[in-house]
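Participant: Each chain, letter by letter, is given below.
2 protein chains.
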Amino acid sequence: MVEKRNPITVEDAIKRVMKYRKTGEIEYIDIKQANGRILASDIIADHDVPAFNRSPYDGYAIKSSDTSNASTDNPVVFRVVGHIGAGSVFQDTVKEKEAVRIMTGAAIPDGADTVIMLEDTETLDNDQVAVKKQMENLQNISLAGEDVKKNTVIVPKGKIINPGIVALLATFGYKNVPVSKKPVIGVIATGSELLEVDEELQDGKIRNSNSYMMIAQIERAGAIAKYFGQFSDQLDTCIEQMKSAMTEVDFLITTGGVSVGDFDLLPDIYKHFQANVLFNKIRMRPGSVTTVAELDGQLLFGLSGNPSACYVGFELFVKPVIDTFVGRNQVGMKKAKATLSVPFTKANPFDRFIRGHYELTGGKVEVSPSGKDKSNMVHSLAEANCFIHLPGGTNGYNKGETVEICLLENV
Amino acid sequence: MVEKRNPITVEDAIKRVMKYRKTGEIEYIDIKQANGRILASDIIADHDVPAFNRSPYDGYAIKSSDTSNASTDNPVVFRVVGHIGAGSVFQDTVKEKEAVRIMTGAAIPDGADTVIMLEDTETLDNDQVAVKKQMENLQNISLAGEDVKKNTVIVPKGKIINPGIVALLATFGYKNVPVSKKPVIGVIATGSELLEVDEELQDGKIRNSNSYMMIAQIERAGAIAKYFGQFSDQLDTCIEQMKSAMTEVDFLITTGGVSVGDFDLLPDIYKHFQANVLFNKIRMRPGSVTTVAELDGQLLFGLSGNPSACYVGFELFVKPVIDTFVGRNQVGMKKAKATLSVPFTKANPFDRFIRGHYELTGGKVEVSPSGKDKSNMVHSLAEANCFIHLPGGTNGYNKGETVEICLLENV
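Order-wise, the sequence lines are chains A and B. Mapping of the first sequence onto full-length UniProt numbering: residues 1 to 411, in sequence order. Mapping of the second sequence onto full-length UniProt numbering: residues 1 to 411, in sequence order.
One or more hints might be untrue.
If chains are identical, the list can't say which one is meant, so a pair holds when it fits in one copy or spans any two.
[Claimed, not checked] With a cut-off of at most 16 Å between alpha-carbon atoms, the simulated EDC-like pairs for lysine to aspartate or glutamate come out as follows: (1) Lys150 - Glu200; (2) Lys15 - Glu146; (3) Lys175 - Glu200; (4) Lys175 - Glu366; (5) Lys334 - Glu404; (6) Lys271 - Asp120; (7) Lys335 - Glu359; (8) Lys226 - Asp30; (9) Lys175 - Glu199; (10) Lys15 - Asp113; (11) Lys335 - Glu294; (12) Lys175 - Asp30; (13) Lys346 - Glu25; (14) Lys19 - Asp268; (15) Lys63 - Glu96; (16) Lys159 - Glu383; (17) Lys337 - Glu366; (18) Lys335 - Asp198; (19) Lys149 - Asp48; (20) Lys32 - Asp198; (21) Lys181 - Asp30; (22) Lys243 - Glu219; (23) Lys175 - Asp198; (24) Lys4 - Glu119; (25) Lys337 - Glu359; (26) Lys15 - Asp198; (27) Lys133 - Asp113; (28) Lys281 - Asp12; (29) Lys32 - Glu196.
It should be emphasised that the hints constitute simulated quantities derived from the structure, not laboratory data.
Whole structure, please, built from the sequences with the hints as guidance.
Facilitator: Structure below.
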């Protein structure tokens with residue numbers, strides 16, 4: 001009973017999935033936990049930066065008009081009437097021939113309109129300082145609002161919060177930061193050949209690696225993984241397990257069981273649920289049997305049991321849904337061009353996504369496959385930081401040709 | 001009392017800091033939490049992969065010698081004696097003209113030495129199948145150990161664990177994963193101009209942004225931040241606060257107070273502790289007053305209160321110590337070459353580290369400064385994903401010239 005399936009393109013598959021995307025909610029977290037999260041509202045400046053006219057140097061705040069004749073030969077003597085560090089405010093007004101010793105970052109006192117640097121002065125006795133240089137109005141003053149004007153959007157929502165953005169959040173008083181709630185993604189493994197990670201090997205069986213890989217991919221993509229363990233071999237039990245899992249998650253991933261093999265349960269489960277199967281065959285390698293279904297608006301991702309196909313299926317179809325849920329402005333993998341450092345001589349009847357490793361070498365982006373490209377080789381996944389995308393319908397690629405890569409890290 | 005300081009090079013400064021590096025311990029965590037941590041022991045294969053001779057296809061396991069005369073015109077008829085899915089084992093031995101229906105991933109039964117694909121057969125009545133093709137010994141069989149041999153080092157320690165590595169950990173039975181313990185890094189802010197993040201603005205004051213930025217940088221670098229709040233203005237209280245903080249952390253960062261300004265307390269604190277000041281002046285911009293001291297082998301990082309200088313100081317001097325603590329094989333920022341997309345016309349008497357944003361554009365690495373390069377502009381930090389490093393003693397750089405960049409993300 002080999003079922004006939006209708007293969008569609010990768011693009012079309014992504015489009016069909018994205019029809020059922022959801023948007024998550026905002027939650028507020030402490031600024032100390034904000035790094036790496038997605039900013040859910042624009043950051044708005046609650047004040048000018050600087051908030052006041054500020055000294056960029058250590059020196060003396062004076063009236064520039066008092067220096068109109070100052071020179072090395074003709075120093076002008078000022079009386080030092082105050083001494084303020086950053087954070088302090090001079091309470092008086094600076095008058096003619098008066099100087100306030102001022103530190104970097106401190107507010108310019110009223111009456112003063114310039115700061116003369118320490119090295120352009122000479123300290124005399126009796127709280128007096130000699131100025132040997134002409135100064136201009138507003139010289140050496142960081143003006144209020146010079147960096148940032150109040151009410152400006154400083155950082156637009158949808159960005160991944162990094163340490164620099166954290167600094168801005170702190171500057172503008174965001175003790176609690178609006179971030180996107182992470183979606184919860186369920187993971188269920190199928191396959192009677194699977195042992196759990198802590199089981200001893202048995203004849204004919206392998207340990208379940210896909211589920212843990214998925215959990216890590218889900219976390220890397222900025223979502224929360226919920227692992228439900230392995231499915232029963234029994235259709236009835238399976239159906240119950242899946243039904244229950246769906247109520248606890250935003251999206252559900254199953255691994256394995258989507259082929260047309262005699263022991264593949266997923267097609268029957270979808271049938272039982274009367275789920276809307278968006279596609280069950282894609283013109284791509286690996287992962288051609290990747291299946292996505294929708295039930296009452298909830299996406300059920302049926303990824304292949306083959307580790308490479310499973311990995312690719314996640315990044316191509318699940319990640320964009322996560323990105324949308326958290327409101328990232330980059331949806332799906334970031335793409336770039338790279339120079340192939342090995343040839344791929346075979347023609348590509350289908351879109352191929354080859355696990356690759358790119359390096360920045362001498363100002364150029366170079367990419368090579370990460371390990372032999374055998375779809376059952378978990379091994380080559382460890383070094384992968386991108387996919388090499390060879391579009392379907394193309395001939396082989398030579399070494400040195402430019403290809404598209406899809407970046408795997410979220411930065 | 002402007003103190004005379006001896007400037008040293010960035011390289012020399014890093015060397016002096018690294019003399020007091022420490023190595024952390026190993027801890028074991030659940031594989032579900034392993035993503036992003038540093039692998040602390042080599043991953044060793046506890047079995048061959050495949051662990052047994054395995055079928056890469058859906059088909060029939062047979063003896064190749066039975067097909068020596070098979071062709072489309074002369075099909076050879078086999079009796080189907082079993083049917084095994086992945087994870088099942090055929091308990092008998094395959095004899096002449098016997099076939100076992102086999103699924104992808106299942107173990108090759110004893111007696112069989114090849115798998116004929118479904119499409120090269122024809123199913124007849126009475127549990128019989130016709131084979132129309134000659135097969136060779138071991139054709140279509142994934143041999144035990146073909147991917148990975150038992151006892152091979154699969155992934156060397158020191159790597160950041162990614163989803164592919166998690167898959168390998170699961171395959172080889174690592175339910176508990178050896179990872180490097182994260183160092184604890186204390187953060188203390190100094191500066192009487194500083195308000196806390198949730199305080200209303202006051203005349204002459206700014207909110208403390210450096211501490212939160214540091215916390216985010218510490219987390220990005222893979223360590224744990226412990227924030228001790230702001231220092232008192234009083235030397236005595238300061239000394240007590242710092243002494244107590246040192247007992248709770250592996251490394252301690254203070255921000256601000258390291259200049260030669262009249263209100264800068266750190267030099268006096270180092271003196272009080274009789275700490276070994278490794279340097280207090282570096283031939284670099286920003287961050288020339290960055291100070292690092294050592295007390296009984298513990299590093300005290302005195303970063304500048306200027307946000308950009310603080311940021312740069314952390315990445316240059318604190319990050320390598322974290323990388324070493326966790327045993328990463330990449331110590332310090334990863335470097336690369338990039339093409340400048342704007343000119344830097346001024347000469348560089350000192351090493352400059354300009355916050356930059358690099359992009360992969362048409363197969364090339366292009367970099368530009370992220371925002372105007374004013375050292376008091378927090379703003380430009382938000383977009384930075386690298387530093388543009390202009391070495392001291394160089395003239396200006398033109399647009400299109402190649403420069404070194406230091407990458408800020410740990411991937």
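Participant: Next, verify each hint and record whether it holds.
Facilitator: Against the structure, the hints:
{"no.": "1", "hint": "Lys150 - Glu200", "in the structure": "between (63 Å within a copy, 15 Å between copies)"}
{"no.": "2", "hint": "Lys15 - Glu146", "in the structure": "neither (45 Å within a copy, 38 Å between copies)"}
{"no.": "3", "hint": "Lys175 - Glu200", "in the structure": "between (49 Å within a copy, 12 Å between copies)"}
{"no.": "4", "hint": "Lys175 - Glu366", "in the structure": "neither (42 Å within a copy, 35 Å between copies)"}
{"no.": "5", "hint": "Lys334 - Glu404", "in the structure": "within (10 Å within a copy, 23 Å between copies)"}
{"no.": "6", "hint": "Lys271 - Asp120", "in the structure": "neither (85 Å within a copy, 30 Å between copies)"}
{"no.": "7", "hint": "Lys335 - Glu359", "in the structure": "both (14 Å within a copy, 11 Å between copies)"}
{"no.": "8", "hint": "Lys226 - Asp30", "in the structure": "between (24 Å within a copy, 14 Å between copies)"}
{"no.": "9", "hint": "Lys175 - Glu199", "in the structure": "between (46 Å within a copy, 9 Å between copies)"}
{"no.": "10", "hint": "Lys15 - Asp113", "in the structure": "neither (61 Å within a copy, 44 Å between copies)"}
{"no.": "11", "hint": "Lys335 - Glu294", "in the structure": "neither (28 Å within a copy, 45 Å between copies)"}
{"no.": "12", "hint": "Lys175 - Asp30", "in the structure": "within (6 Å within a copy, 32 Å between copies)"}
{"no.": "13", "hint": "Lys346 - Glu25", "in the structure": "neither (46 Å within a copy, 48 Å between copies)"}
{"no.": "14", "hint": "Lys19 - Asp268", "in the structure": "neither (24 Å within a copy, 64 Å between copies)"}
{"no.": "15", "hint": "Lys63 - Glu96", "in the structure": "within (7 Å within a copy, 108 Å between copies)"}
{"no.": "16", "hint": "Lys159 - Glu383", "in the structure": "between (27 Å within a copy, 10 Å between copies)"}
{"no.": "17", "hint": "Lys337 - Glu366", "in the structure": "both (9 Å within a copy, 13 Å between copies)"}
{"no.": "18", "hint": "Lys335 - Asp198", "in the structure": "neither (38 Å within a copy, 40 Å between copies)"}
{"no.": "19", "hint": "Lys149 - Asp48", "in the structure": "within (5 Å within a copy, 64 Å between copies)"}
{"no.": "20", "hint": "Lys32 - Asp198", "in the structure": "between (36 Å within a copy, 13 Å between copies)"}
{"no.": "21", "hint": "Lys181 - Asp30", "in the structure": "within (14 Å within a copy, 24 Å between copies)"}
{"no.": "22", "hint": "Lys243 - Glu219", "in the structure": "neither (24 Å within a copy, 38 Å between copies)"}
{"no.": "23", "hint": "Lys175 - Asp198", "in the structure": "between (43 Å within a copy, 6 Å between copies)"}
{"no.": "24", "hint": "Lys4 - Glu119", "in the structure": "between (85 Å within a copy, 14 Å between copies)"}
{"no.": "25", "hint": "Lys337 - Glu359", "in the structure": "both (12 Å within a copy, 11 Å between copies)"}
{"no.": "26", "hint": "Lys15 - Asp198", "in the structure": "neither (39 Å within a copy, 44 Å between copies)"}
{"no.": "27", "hint": "Lys133 - Asp113", "in the structure": "within (15 Å within a copy, 95 Å between copies)"}
{"no.": "28", "hint": "Lys281 - Asp12", "in the structure": "within (11 Å within a copy, 59 Å between copies)"}
{"no.": "29", "hint": "Lys32 - Glu196", "in the structure": "between (36 Å within a copy, 13 Å between copies)"}
Checked against the numbered hints above, the structure breaks hints 2, 4, 6, 10, 11, 13, 14, 18, 22, 26 and satisfies the rest.
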